[in-house]
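Colleague: The lines below spell out each chain.
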Amino acid sequence: MRLTEAEGKALLRRHGISVPRGLLLPEEGLPGQAAGWAGLVLKAQVAEGGRGKRGLVRLVAPEELHAARDAMRALLGAQGAAVGFLLEEAAPVSRELFLALRIDGTAQGIELLFAADGGVAVEEGDAPLRLLLDPGAPGLAEVIHAALRGHLPGELAARVARLAARLAGVMRAEDLELLEVNPLAVLENGSLLALDAKLVRDDAALGRHDAAATEASAALEEAALSPLEREARSRGFTLVEMPGDVALISAGAGLGMLLVDLLADHGLSAASFMDNRRGGAAETTEARLEAAFALAARPGVRAILFYTTLASRPVAERIDTLLAFLARHPAPKPLYVGFAAAPSASRGFDAAAAAERLRAAGVARLVDDPLALVGAMAADLGARAA
Amino acid sequence: MSVPPFLLAPPRRVVVLNPTGRYAARQVAEMRAAGTPILAGIALGRGGGMLDGLPLLDSLAELEEPADAAVLYTPPEGTGDAIRQCAAAGIGTVVAAAEYVPVHDALRAAHAAREAGSWLLGPNTLGFCIPGEGGTLLGSVSPAFCTPGSVTLLGRSGTLTLATARLLTRAGIGQRAVIHLGGDAVIGRNPHEWLAALAQDPATRAVLYCGEIGGDKEYALAEAVAAFAKPVVATIVGRHAPADRQMGHAGALIGAERETAARKLAALRAAGAHAAATPYAAIDILRELLAP
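As they're listed, the protein sequences go chains A and B. Using the numbering used here, read the first sequence as starting at 1 and increasing by one per residue. Using the numbering used here, read the second sequence as starting at 1001 and increasing by one per residue.
Misleading hints may appear alongside valid ones.
[Stated by the list, open to error] List of simulated lysine to any residue pairs, SDA-like, C-alpha gap at most 20 Å: (1) K198/A / D1244/B; (2) K198/A / A1256/B; (3) K198/A / G1255/B; (4) K1230/B / S1150/B.
[As the list claims (entries may be wrong)] Calculated from the model, a selection of chain B residues having no Cβ within reach of chain A, i.e. all distances over 10 Å: (5) G1047; (6) Q1200; (7) A1220; (8) F1228; (9) A1229; (10) R1258; (11) A1291.
Just so you know, the hints here were simulated from the structure itself, not pulled from any lab data. Don't be surprised by glycine CBs; every beta carbon is placed ideally from N, CA and C.
From just these sequences and the hints, can you work out the full model?
Modeller: Below is the structure:
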């Protein structure tokens, strides 16, 4: 989950990392604590980059505050309703740096990225310095300092190194996959301040952390989903909607992506991708069918493809679920079905009888090889092979 | 570079951690039916009991002799700790099935396994199958999808590994081993490490790698391909996946151009791998490569 800037900075503040003074802007008025601030910066809390260029971060005078907020809402359109606005004290910045930490899955460590020119310049400047960290190693700040020394004056290099070592600890404590501070401001007095922060928390670890502290981030993530995607999430599986003409029901990420590819190779395109979701029900076949049938009811969707591999779960159960569903919900478009079942999944199962029952229930084709199944579908639909 | 112990000799003393859940119990039954020598299940609080004739113990420490392989059906929150326990017990092969293991837990566990010299598969793995008489099943790669031979299949996705093993078997191409490395961003050993190990495996004549979008493991693999004397055929799924959407696995998200299937395939091709658009095309290439 990508955290909003406000929630990300609140997290950093809890760990003693310096961030600007800030508050969420109320609908009316200027909060008393902001009255004495040296300057005001208003920032729309959308979880995306390039906000400055889009006019979603602005230096404002107190009397312009709400007009600026309204202008940002107008820029955001329908998305604006779910977005909060962070009001911060402007800081006397003398220099901007770029500092990020990310999980490097291949090197199996935390990778530090640093550039001496931060802010928007980081996209145009030289490639950042990269350093693989062992966050548990003693003397981490010294290791980082040795790498930064050639890029920054000694004392500043030491400050940044100490901060980076602390942030590596924050990464672990907070189950973050990414912690990017850009810009990391060097103030006129030489101290460091995280002017902006992009934090991504590992979804697998969400249960370990206080959900209330990331409520706005969760709401934004939810708002970005389509209604069907939200429904899928609530019913225990992941749905990715795509502009396509075949509603695809599959299980397993790799097999699902293979089917998406095979459809495209045959001049068709998947309108959906499905996978399991953490904490979901053990059996979501019926919910997946409902989602696919809802997609298939749309005019641009021409067919439904249902394919699954069963290594040990009984194939008979899956077919019974499908037949029971079809008895209640006739397929709105031609339905193509395939199963790859291991013998242990097919024990005591009469494949010929099942095929007959599926045909009787309106299944257009039953083919157990994914390529042959997609090929048959493309031929039936008159799609042109790529 | 070390070699996974199970490629040198089949494991003889296998334990299963948390074997009593519905899914785990079914996999334990499949493994036993396949001849896997499971000594005991480790289930805290169930010690002294039995699971379909399999003795249950409270702790690894209660084994009379150390295990040489472990299959973990421990829930994700406990998987990191369970892996580290196995590493500390000197277990050479560890298969960690759980999906949704927090990535920082996986990092710590992968380090511990590596330092102990253990080969960790997963987290988020179906394990592996070495097909044939005297073969081995650790996990859920159904032996019925496999047939003995000389191609080692390395897969990042469980369902795709199963589907591809089945396609290989149908095409008459036997497998030395079918190995699901794990679908997460952090897995015990990366594809390039497996390739280096397979260089030392005389029973492997060729390698089929099935990868997916997201992450950068294929770039390290490409470097290893250049130094690998046997043929490598590689395919990457997700050629038509949308950018910035997570396609199931925690790592399967195109966050940058270099994480696309096209770029990964190009890198592997440039390094000397036979790049294939689909597993079907990969199998056609293998058929030609292995023709007598």
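Colleague: Quickly compare the C-alpha distance for K198/A and A1256/B to 20 Å and report which way the hint goes.
Modeller: Given pair K198/A, A1256/B holds - Cα atoms ~17 Å apart, limit 20 Å.
Colleague: Examine each Cβ of chain A, and state whether all of them lie more than 10 Å from the Cβ of Q1200/B.
Modeller: holds (21 Å)
Colleague: Examine each Cβ of chain A, and state whether all of them lie more than 10 Å from the Cβ of G1047/B.
Modeller: holds (27 Å)
Colleague: Given the hinted pair K198/A and G1255/B, is their Cα-Cα distance within 20 Å?
Modeller: holds (15 Å)
Colleague: If we take the beta carbon of A1229/B, is the closest beta carbon in chain A still more than 10 Å away?
Modeller: About 23 Å separates A1229/B from the closest Cβ of chain A, which puts it past 10 Å; holds.
Colleague: Decide, holds or violated, for the assertion that all CB atoms of chain A are farther than 10 Å from the CB of A1291/B.
Modeller: holds (22 Å)
Colleague: Say whether it holds or is violated: F1228/B keeps its Cβ farther than 10 Å from all Cβ of chain A.
Modeller: Non-interface label stands for F1228/B: nearest chain A Cβ at 17 Å, farther than 10 Å.
Colleague: Taking C-beta pairs only, is R1258/B more than 10 Å away from all of chain A?
Modeller: holds (12 Å)
Colleague: Given the hinted pair K1230/B and S1150/B, is their Cα-Cα distance within 20 Å?
Modeller: The hint holds at about 11 Å.
Colleague: Are all C-beta atoms of chain A more than 10 Å from that of A1220/B?
Modeller: violated (5 Å)
Colleague: With a cut-off of 20 Å on the C-alpha distance, tell me whether K198/A and D1244/B pass.
Modeller: holds (16 Å)
Checked against the numbered hints above, the structure violates only hint 7.
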